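Turn these sequences into a full structure, and let the hints guide you.
As you go down the protein sequences, you meet chains V and U in turn.
As numbered in the numbering used here, residues -12 to 271 make up the first sequence, in order.
As numbered in the numbering used here, residues 236 to 540 make up the second sequence, in order.
Worth flagging that the hints you see were computed from the coordinates, not collected in a lab.
Just to be clear, a hint being listed does not mean it is correct.
Claimed, not checked - Label pairs and their in silico Cβ distance ranges:
#, chain 1, residue 1, chain 2, residue 2, range
1, U, 289, V, 253, 19 to 27 angstroms
2, U, 278, V, 7, 42 to 50 angstroms
3, V, 138, U, 315, 41 to 49 angstroms
4, V, 72, U, 315, 33 to 41 angstroms
5, V, 253, U, 278, 30 to 38 angstroms
6, U, 263, V, 72, 24 to 32 angstroms
7, V, 225, U, 265, 48 to 56 angstroms
8, V, 154, U, 268, 23 to 31 angstroms
9, V, 244, U, 259, 28 to 36 angstroms
10, U, 479, V, 154, 46 to 54 angstroms
11, V, 159, U, 425, 40 to 48 angstroms
12, V, 72, U, 537, 42 to 50 angstroms
13, U, 363, V, 109, 40 to 48 angstroms
14, U, 278, V, 168, 19 to 27 angstroms
Only a predicted model underlies this, so the values are computations on that prediction, with no experimental measurement involved.
By construction, the Cβ of each residue, glycine as well, lies at the ideal position given by its N, Cα and C atoms.
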Amino acid sequence: MNPAVHAARLGLSRGWIEFRHALANPQEIGFTLVTTFAFIAVIYFQRDARIPGTDLSLAAATMPGILGLGVAFNSLMGVVGSLAVEREDGTLLRAKALPHGMLGYLVGRVTSVSLGALGSLVVVVAAGLILVPELRAAGAGGWLTVFWVALLGLAATLPWGAVIGSLATNPQTAAGLSMLVFGGLTSISGIFYPITALAGWLQGVAQAFPIYWLGLGMRSALLPDAAVAAELGGSWRPLPTFGVLLAWTVAGLVLAPPILRRMARRESGSLMQARRDRALQRIG
Amino acid sequence: MGTATTLDGDITVMNAASVIEARGLCMSYGPQEVLRGVDFTVAPGEVIALLGPNGAGKTTTVEILEGFRAPSAGHVRVLGAEPVKGDERWRARLGVVLQSWRDHGRWTVHDLLDHLGRYYAPYSTPDRRRPTSTGELIEAVGLTEHAGRRVNRLSGGQRRRLDVAIGIVGRPEVLFLDEPTAGFDPQARRDFHDLVHRLSDLDDTTILLTTHDLDEAEKLADRILILAGGRIVADGSADKLSREVSRDAQVRWSRAGEHFVHATDDATAFVRGLFQQHGDQIGDLEVRRATLEDTYMAIVRKEEG
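What follows is the structure, encoded as structure tokens:
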């Protein structure tokens, strides 16, 4: 039994257990729930509006982008948020005290956050199938594309959540700040309205980040072929989509481990500080 | 002659390698020096209590030994390895109970202990089966009734007992306990003491614990280390420490309805004289050496000037 493989397997079971805990305690995944229902609400209110000059409903045009956005959002914020909590409550130190414990912890976290993000995706897709008749036209090939874009989207964002969550000296601030950046990027990434309506340099900025490509990939999967006319260059650009998401994945996987290690190594310092503060409170 | 040589070889007492070695251990946080040259060794199977005032660096010392923090200077070895460079195999031989955990609140006691224990399975050996059976361990720390309870529903003392259970689930060869009995009621404290004795006797576990409870240190530890002013200022059994600080004992007795007290550095001779002089008239005899608390206070006061 290779101890590292063994620990990775324990991580999988850990992720599954924590995902089940989350399902049993909806208040603790409130974030994912709120965004999931917010997305569904957007689709609901857009279902009767038509895009001028086409017979495509606004909901059908927005829905794929929302799926892509949801994947990036739930995975990134899921990791940032849990690291914020677990750096402070001792979970990470507990993992450090076990042989290959950090590996098990990370696999577990990736598993539970991925399950949460994919679960949210499934719920939004289910709502979409009911509310947006056009979606039912997508064939097996389309859903396969949804699947790989979602998986690659997870891979491209999860490590970055770990990087942000590790670098932050104050994890709560990190969560707030990444929300802000995320919101800003979303507004220029052509999720809720076409990117072609934006200034050229904003289009350039948006195309450097995964959110735009996740939206594009999902649209290519679920929209009728004619809708490609509204995209940059009049193309779904599957290869660049794959390439950009892969580049973010690789960069994240290269950067995250040393940054995580550094953070984990330092962890006992802050814990000790907190302890000392509590000790002083007890005395005073 | 050949036989003699062999005999010589046989009698040569090999000094058992120490399990913990610290020499000239220093630690500073910025300008603040917490440890300024800590020296001590711990032999296999020893139970050591590390005492010292708040902020003396007990936790820092333990964290350095656990490999959670690199010392600023000095030599440190635990089970033959430098802790910050210890690999996973080394890590598997250690048990760690830190202060104040609040993690894994949604897990049940049984699930958590079972899950964490499984990390040790690849390191099981014929003479040291890892991990300990979850059920037995839960019973050993007295949490059987609460096995199905969520961790965040446990009381402080129960939570601490779970921490101890997690620390020993991998059947460690060396166990570090940072204030293990904080928040224990007297019964839990006694159970914990029994558990420590069992670990030390049956499993030959080398144990280093920090505590503020001098009575506990005296009951559990083979040897007591006092950390003050960033150094180990006392190292020895409770008895030896008391003798070092003060050889004086207080002798109390009564004679003809009157009570007497006398301080002497040779209680035995004094009492012998007392009986020679007064014989049967002596009653209520009591000879009291300095307690560990007296000793501790004297040592710390001297160190802190």
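Q | Outcome of range test on Cβ distance (residue 278/U, residue 168/V; 19 to 27 angstroms) | A | The hinted range 19 to 27 angstroms is violated for residue 278/U and residue 168/V, with Cβ atoms some 56 angstroms apart.
Q: Check the following: the C-beta atoms of residue 154/V and residue 268/U are separated by a distance inside 23 to 31 angstroms.
A: holds, 29 angstroms
Q | Hint check for residue 72/V and residue 263/U - Cβ pair distance inside 24 to 32 angstroms | A | holds, 31 angstroms
Q. Falls inside 40 to 48 angstroms, the C-beta gap from residue 363/U to residue 109/V?
A. Holds: the Cβ-Cβ distance is about 46 angstroms, inside 40 to 48 angstroms.
Q: Take a look at whether the Cβ-Cβ distance between residue 72/V and residue 315/U falls inside 33 to 41 angstroms.
A: holds, 37 angstroms
Q) Can the suggested window of 46 to 54 angstroms be confirmed for the beta-carbon pair residue 479/U and residue 154/V? A) holds, 51 angstroms
**Q.** Distance restraint hint 40 to 48 angstroms, applied to the beta-carbon atoms of residue 159/V and residue 425/U
**A.** Holds, at about 42 angstroms.
Q.
Tell me if the beta carbons of residue 72/V and residue 537/U are separated by a distance inside 42 to 50 angstroms.
A. holds, 45 angstroms
Q. Taking the CB of residue 225/V and the CB of residue 265/U, does the distance hold inside 48 to 56 angstroms?
A. At 54 angstroms between Cβs, range holds.
Q. Falls inside 30 to 38 angstroms, the C-beta gap from residue 253/V to residue 278/U?
A. For residue 278/U against residue 253/V, whose Cβ atoms are near 33 angstroms apart, the range 30 to 38 angstroms holds.
Q | 41 to 49 angstroms as the expected CB spacing between residue 315/U and residue 138/V, which holds or is violated | A | holds, 45 angstroms
Q | Verdict for residue 289/U, residue 253/V (Cβ pair) under range 19 to 27 angstroms | A | holds, 23 angstroms
Hint 14 alone, counting from the list given before, is not met by this structure.
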